[in-house]
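J.: In the order they appear, the protein sequences are chains A and B.
Numbering-wise, the first sequence is residues 1 to 197 according to full-length UniProt numbering.
Numbering-wise, the second sequence is residues 1 to 482 according to full-length UniProt numbering.
FYI, nobody ran anything at the bench for these hints, they're computed from the structure.
These numbers come from a predicted model, not from an experiment.
Glycine residues also receive a C-beta, built at the ideal position from the N, C-alpha and C atoms.
Careful: at least some of the hints might be erroneous.
Computed cross-link-like contacts, DSS-like style, restricted to lysine-lysine with a CA-CA straight-line distance of at most 30 Å [said to hold, decoys possible]:
{"id": "1", "chain 1": "B", "residue 1": "159", "chain 2": "A", "residue 2": "191"}
{"id": "2", "chain 1": "A", "residue 1": "191", "chain 2": "B", "residue 2": "242"}
{"id": "3", "chain 1": "A", "residue 1": "48", "chain 2": "B", "residue 2": "314"}
{"id": "4", "chain 1": "B", "residue 1": "361", "chain 2": "B", "residue 2": "314"}
{"id": "5", "chain 1": "A", "residue 1": "48", "chain 2": "B", "residue 2": "436"}
{"id": "6", "chain 1": "B", "residue 1": "436", "chain 2": "B", "residue 2": "364"}
{"id": "7", "chain 1": "B", "residue 1": "436", "chain 2": "B", "residue 2": "188"}
{"id": "8", "chain 1": "B", "residue 1": "314", "chain 2": "A", "residue 2": "125"}
{"id": "9", "chain 1": "B", "residue 1": "50", "chain 2": "A", "residue 2": "191"}
{"id": "10", "chain 1": "A", "residue 1": "191", "chain 2": "B", "residue 2": "188"}
What the simulated footprint calls covered on chain B by chain A, stretch by stretch (three residues with Cβ under 8 Å from a Cβ of chain A suffice, anywhere in the stretch; the number is not a length) [claimed, not checked]:
{"id": "11", "region": "54-61"}
{"id": "12", "region": "112-125"}
{"id": "13", "region": "192-203"}
{"id": "14", "region": "254-264"}
{"id": "15", "region": "302-309"}
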Amino acid sequence: MESFTTHTGIGVPLRRSNVDTDQIIPAVYLKRVTRTGFEDGLFAAWRKDETFVLNNDAYAAGSVLVAGPDFGTGSSREHAVWALMNYGFRVVISSRFADIFRGNSGKQGLLTAQVDQGDVELIWKYLENEPGASVTVDLVSRTVTAGDIVAPFEVDDYTRWRLLEGLDDISLTLRHEQDVTDFEGRRPSYKPTTIGA
Amino acid sequence: MSGTLAEKVWDAHVVRRSEGEPDLLYIDLHLLHEVTSPQAFDGLRLAGRKVRRPDLTLATEDHNVPTTPGPITDLVSRTQVETLRRNCEEFGVRLFPMGDAEQGIVHVVGPQLGLTQPGMTIVCGDSHTSTHGAFGALAFGIGTSEVEHVLATQTLPLKPFRTMAINVEGELQPGVTAKDIVLAVIAKIGTGGGQGYVLEYRGSAIRSLSMESRMTICNMSIEAGARAGMIAPDETTFDYLKGRDHAPTGDAWDTAVEEWKQLRTDDDAVFDAVVDLDASALTPFVTWGTNPGQGLPLAESVPDPETIADENEKAAAQRALEYMGLEAGTPLRDIRVDTVFVGSCTNGRIEDLRAAASVVKGRKVADGVRMLVVPGSARVRLQAEQEGLDAVFTEAGAEWRLPGCSMCLGMNPDQLAPGERSASTSNRNFEGRQGKGGRTHLVSPLVAAATALRGTLSSPADLLDRDADAPVAAAAATEGSH
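Looking at chain A on its own, in the form it has when it is part of the complex (with noise of 0.2 Å):
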């Protein structure tokens, strides 16, 4: 995984709440067996909407999308978080985010930037005064930056440190196989396995 220290790059406003899995991928774009090319189908029902923010031009090209609470709830698909990065995005920005999104991001080197609502707020308003505006993520010192505001982010202390170090979590759990190993020594002989009868 690439590591991730600070990010700077177009501001992409999107004011919406709820915005479940199949709204970032919808399920007939799941098709595909690689991690790649997965770009198409990101937003694809809203891009058909030409007011829809990605595409108006100034905001194209965008990296950090500024989105509404409970970002990413819904389906377990990691194809969210490749179609989003595929796209070019490095950050997401919301006030909550769905768990299984949250840590598929983290796996993925996407960060997920919680900001209170408050503070969504106003970067949405810049964005949206200041099409095209940069917006820098710094993860060493957790803020994000658009224009005059300066916002706090919160993002766990183990997720940062992974990301900073680009750190993949099987190579992690790997240098503790021996505990691995003494685990199956003392799990119940009643549990099953999956070997046919």
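Chain B: place on chain A using the hints.
T.: Showing chain B alone in chain A's frame:
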């Protein structure tokens, strides 16, 4: 030390705990399907890793499979299914392919085989893995990176959840089911209300439910934002499990049951949050909007967004009504549907099909309405056919299909056309979920069946009105007041 059910199961699976790091949790059962696994197997290949415990891993084909006879005609869907077959063969994972006697929706297959047992940790790259919590297992959906992690290590690094008690006390009125309970819970706490929590459903109304109804409730925990929902195991659980293919036998059964009986929240344990619901006041529930929290009792009308104080909620309601093609103030019972879907991991088990069949038996689906009945698994289908339910449905004019996820998410050909409206026993009414431009109302199997017969959102009590010509008494019997 006292603890909640969720904490007990969590603690029993901690492989490694270290200050400032997530717990490393052992996973007892890993379920796979074709959509969220290909990139995970690819990752293993790239890193030269194996599946650590193929004997704790099981795969089935469900999301893409057609529900009419014949092969998959969509090439991209077929590639995905064939990729799963290749991966399972290469890595030694047991697979139930299309046409197999054990094939079905992943969350129907696990429990019916007896693989889902109390006190287990169960994961799958599918958010409705919460279904398995009905057995007192800690079961939750994961993303593809986590699928790869579990394949490689049989563990997951996880931060502890908070716990929320959902107390449902009282007796359900006739015609009110598990689906109505969970839709009411989601409407009450909202789609983000359970975020960060494991929900434990408790109370007399929950204890009185069958295992299949408990699965319906736990299944939709994710729609309230909770990754997992749980119900303490009891005699109902043990009775369901006993004799199933993968359930323990002999002395091992007795040992297991003794252990399982300890799996309950201690009387002095403290939940981080508590929600109370009066089961006796519930009536059939339907959704009117585009998230599962936008629901109301069937007897109500489409809400007026202007009356919603929260600005974000108001905007969401306005957008939802526009998408759904509904006007504020319209009685929900007046909403006409084109399609009725009975199936999915929420309501595709035998009990659900029996419920729907009991309503349509001897009656006809309304003109212009298409009713699809899709069993959750090949076993459910076979059982239903042995009971003659297939004939009940087809004689009523419904379509009797092969098992799969089907119209719940429309990855196969079963989709709504743009602007089409459904009453669906599935779990999500998101924009475009059942097909681009499709409009979904989430309902119970009883409401789905009654709706198919009348053509408008209805409960079985509305049919009694018509058949017996005694509207007041029949409606009162099922609907109650609120």
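J.: For every hint, state whether the structure bears it out.
T.: We went through each hint and held it up to the structure:
Between residue 159 (chain B) and residue 191 (chain A) the alpha-carbon distance is near 24 Å, which keeps this suggested pair within the 30 Å criterion. Restraint check for residue 191 (chain A) and residue 242 (chain B): satisfied, since their Cα atoms lie roughly 14 Å apart, inside the 30 Å limit. Straight-line distance between C-alpha atoms of residue 48 (chain A) and residue 314 (chain B) comes to about 24 Å, which keeps the hinted pair within the 30 Å bound. Among the hinted pairs, residue 361 (chain B) with residue 314 (chain B) is inconsistent with the structure: their alpha-carbon atoms are about 41 Å apart, more than 30 Å.
For the suggested pair residue 48 (chain A) and residue 436 (chain B), the alpha carbons sit about 11 Å apart, so the restraint of at most 30 Å is met. With a C-alpha separation of about 29 Å, the suggested pairing of residue 436 (chain B) with residue 364 (chain B) holds against the 30 Å cut-off. Distance check on the hinted pair: residue 436 (chain B) and residue 188 (chain B) sit about 28 Å apart at the alpha-carbon level, within 30 Å; holds. For the suggested pair residue 314 (chain B) and residue 125 (chain A), the alpha carbons sit about 19 Å apart, so the restraint of at most 30 Å is met.
Between residue 50 (chain B) and residue 191 (chain A) the alpha-carbon distance is near 22 Å, which keeps this suggested pair within the 30 Å criterion. Using a Cα cut-off of 30 Å, the hinted pair residue 191 (chain A) and residue 188 (chain B) is violated, with the two alpha carbons roughly 37 Å apart. Against chain A, the region 54-61 of chain B contributes 5 residues with a C-beta closer than 8 Å to a partner C-beta. That satisfies the three-residue criterion, and the hint holds. Figure legend: the region 112-125 of chain B, annotated as covered by chain A; annotation consistent (5 residues with Cβ-Cβ distances under 8 Å, at least 3 required).
Taking a C-beta to C-beta cut-off of 8 Å, the region 192-203 of chain B contributes 3 residues in contact with chain A, enough for the three needed, and the coverage statement holds. Counting residues of the region 254-264 of chain B whose C-beta lies closer than 8 Å to any C-beta of chain A gives 3; at least three are required, and the coverage claim holds. Counting residues of the region 302-309 of chain B whose beta carbon lies closer than 8 Å to any beta carbon of chain A gives 0, which falls short of the minimum of three for the stated coverage.
Violation of the numbered hints given earlier is confined to hints 4, 10 and 15; the remaining hints are satisfied by the structure.
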